[in-house]
Amino acid sequence: MSEASPAKAYGLHFGAIALLFVLSFLLPEYYHGLLARIMVLAVFAMGYNMLFGYVGLLSLGHAMFFSAGLYGAGLAVIQLGWSVPAAFAAGLCCGVVLSLVIGLLALRTSGVAFMIVTMMFAQVFYLIILYFSSWTGGDQGMVVPQPARVLAFGATSLDLTNPTVRYMSALGLFSLVLMITLVLVRSRYGRVLVAIRENEERTKMLGYDTFSNKLAAVVISGIVCAASGAAYALLFGYVGSGFASVQYSILPLLWVLLGGAATTLGPLIGTLFMYYVIDITSGYTSAYLLIVGVALILLVLFFPKGILGSMRQRWLGWLP
Amino acid sequence: MTPLLTTKGLSRNFGGLRAVDSVDFTLMPGEIRAVIGPNGAGKTTFVSLVSGRIQPSSGMIVFDGADITGLPAYVRVRQGIAYTFQITSVFANLTAYDNVALPVQRTLSDGRSKGAVRAGVMAALDRTGLADRAHMPAGQLSYGHQRLLEVAMGLALKPRLLILDEPTQGLADSEIDNFITLVREIAANATVLLIEHNMPVVMQLADRITVFNAGKILAEGTPEAIRENAAVQQAYLGTAP
Ligand SMILES: Nc1ncnc2c1ncn2[C@@H]1O[C@H](COP(=O)(O)OP(=O)(O)OP(=O)(O)O)[C@@H](O)[C@H]1O
Ligand SMILES: [Mg+2]
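Same order as they appear, the protein sequences are chains A and B. Position one of the first sequence corresponds to residue 1 (our numbering), numbered consecutively onward. Position one of the second sequence corresponds to residue 1001 (our numbering), numbered consecutively onward.
In case anyone wonders, no lab produced these hints; they're calculated from the structure. Honestly, I wouldn't trust all of these hints.
[What the hints assert, rightly or not] Chain B stretches covered by chain A per the calculated footprint, using a threshold of three residues with CB under 8 Å from any CB of chain A: (1) 1070 to 1079; (2) 1096 to 1108.
[Claimed, not checked] Taking beta-carbon pairs under 8 Å as the criterion, some of the chain A residues facing chain B (in silico): (3) GLU198; (4) GLU200; (5) TYR208.
[What the hints assert, rightly or not] Pulled from the structure, derived: some chain A residues nowhere near chain B, Cβ distances all over 12 Å: (6) GLY15; (7) SER24; (8) PHE114; (9) MET120; (10) VAL192; (11) MET205; (12) LEU206.
Computed from a predicted model, the values in this text were never measured in an experiment. No residue lacks a Cβ here, since even glycine has one placed at the ideal position from N, Cα and C.
Please construct the entire structure, taking both the sequences and the accompanying hints into account.
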C-alpha cells in the first residue's frame, strides 16, 4: 500500500483540491452554497470512512459524533458567547471525550453487536438533546446568531456568513482532513488498521494490541466527525436535534458505500453524488426519492465497491 | 541452563474432551524440537495454549523464567513467542509485501525510516524464496507459497521461540529441501518448536522429538530413541517409519 505510486496519489489529491478551489469562482450562487455544505458533510463521511472503510467497524451511531461537534461549538457560541475558534475547539473536545467513552464501551463488542450498541448510544445522545431542550433548543433547534459568526484576527476579521469565506473555510477543513487521511492510510498505522479489518486474530498474533489500535481509530473518527459538526454549526449557523437522529447515522454510511469504502476520495464523491442526484431529480418530479432509490440499486449492482472502489478494482490499482 | 519454555499440568478441555491433558513440557534454548502425533492428538491445541491464542483450563506456562499464563497473546508475541498457523491465515487481500511489513514494522527498534521496513521485508521474503512475488496479493499465491509466507511473517517477528505448525504441508519436494535449510538457519538464533507429520523432515531437523497422543505426552527423546520406541509405533498404528 505505502509502496505504490506516492507521486500519483498526492498529485490526484492536490488536483482535486485545486479543482474545488477553482469551482468557487465558476459556480452559480446556489451551487456554490450547496458545494460548501457538501464539503463539510464530506468531512463527516471521511471520518466515518476512517472507521468503517479502513478498520471494518460498522457503526450506526456516528450522528452522535457529528452532533457532539455541532452542539459543542453551537452552544459554546449561543449559550456561552465564546469566539469562533474557541467554539470550534469546544466542538472538537466534545468529540474526543464522547468517542473515547463510546469506544471504550462499544469496542467490547464486534459485528452486529457493535452496530446495535453504537446505535443505542446515539439514540441516548439524541434523547438527551431533546430532554435538555431549554438549553439545546430541542427539535426546533437554534440559530447561531450572525454577528457571532465572525473570525477576528486583531484589526481584520472574516465574516463566516460571507459565501466566499464560508466556501473557502469549508474547503480548508476538507483539504486538511483529506490530506490527513491520505497520510494516515499510507502510514504504518494505516497498515495495521487494514490488517485488523482483514484478520484481527492474525494481527494480534503479530504482536499488535488490536483493542488500543481500534480505540485510537474510533477517537480519530470521532474527532473528524465532530470537526465536521462544529464547522457546520459555525458556517451554516444552525444546530438542531435532527442531526443527531438515526438518519444522520445512516447517511455517512450511504455516502461512503456510494463513493467507495476505504478510498480517500470516495466520501466526497459519494456525498456529492447523493446531493446532486437528489437535487436534479427533485427538480423534475416529486417522486425523486424513488429515482434516488433506483440509482442506488443500479450502483450497488454495477459498482458493488462504490464508485471509486470499483474503479480501483478494475482500472486504477494505485488509488489510495 | 534454565529452560526457555516450561509447562506444568497444562490442560485444555473442549466440552468433555480433554484435548490437552496435564502436559509437563520443557524446552531448552537453542533446541529444534519436533512435536509429532496422530491427528487430533492435541498438538495444535498445545501450541495454541503456549502462544496465547486460547486459554488453558488449568496449568501454568513459564517462558524464560516468568509466568506468562495470564498474558494476552500480543504481549507474548512481543516477548518473543511467534506462532505460524496450521490453517493458513495470511492476509489474503494484502500483498505478500504488506503481510511481512506488518511484523517487520512492529519489531523495528530504530523506528522511523521507510528504508528499514523495506529492507526487513525483502530480507524475510528472500529467505523464504518469495522475493519475486512481493507484490502479489497473498490470496493469489499457491498454497505452498502461502505456507512459506506464514514462515516469513514468523521470521520477521525476530522470535526467540518460533512455533511452526505443519509448515511443509503443501510444499513440493524441492521446496522442502530449501525449507530444511531455512529452519537450520533460523535455529542459529532462535529455539524452534516444529509440529510436523513429514517424518523425513522431522528426522533431519529435530534435536529431540516429543510424541503426543490423546492430549498427553506419550514419549520424548532423540530421533533414534523415538524411532525405536514401540509405544510410538503403536500410536501410529504401523505408519511410523
Ligand atoms: N476449538 C475447538 N473446539 C472443540 N474441539 C476442538 C477445538 N480445537 C480442537 N478441538 C479438538 O481437540 C482435539 C485436538 O485437536 P488438535 O487440533 O490440537 O489436534 P492436532 O494434534 O493438531 O491434530 P492435526 O494433526 O490433525 O493437526 C481434536 O479432537 C479436535 O477435534
Ligand atoms: Mg494440528
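Against the structure, the hints:
1. Look at the stretch 1070 to 1079 of chain B against chain A: 5 of its residues bring a Cβ nearer than 8 Å to a Cβ of that chain, three or more, so the hint holds.
2. With a cut-off of 8 Å between beta carbons, the stretch 1096 to 1108 of chain B has 8 residues touching chain A; three or more are needed, and the interface restraint holds.
3. At its closest, the beta carbon of GLU198 (chain A) sits 5 Å from a beta carbon of chain B; the interface hint therefore holds under the 8 Å criterion.
4. Given hint, GLU200 (chain A) at the interface with chain B, is violated; its Cβ is 11 Å from that chain's nearest Cβ, farther than 8 Å.
5. Against a cut-off of 8 Å between C-beta atoms, the interface hint on TYR208 (chain A) holds, since the closest Cβ of chain B lies about 6 Å away.
6. Every beta carbon of chain B lies more than 12 Å from that of GLY15 (chain A), the smallest distance being close to 24 Å; the non-interface claim holds.
7. The Cβ of SER24 (chain A) lies farther than 12 Å from every Cβ of chain B, with a closest approach of about 36 Å, so its non-interface assignment holds.
8. The beta carbon of PHE114 (chain A) sits about 20 Å from the closest Cβ of chain B, which is more than 12 Å, so the claim that it is off the interface holds.
9. Every C-beta of chain B lies more than 12 Å from that of MET120 (chain A), the closest at about 28 Å, which supports listing it as non-interface.
10. Distance check on VAL192 (chain A): its Cβ comes as close as 7 Å (rounded) to a Cβ of chain B, failing to clear the 12 Å threshold; non-interface status is violated.
11. A Cβ of chain B approaches the Cβ of MET205 (chain A) within 12 Å, the least distance being about 6 Å, so the stated non-interface status is violated.
12. The Cβ of LEU206 (chain A) does not lie farther than 12 Å from every Cβ of chain B; its closest approach is about 5 Å, which violates its non-interface assignment.
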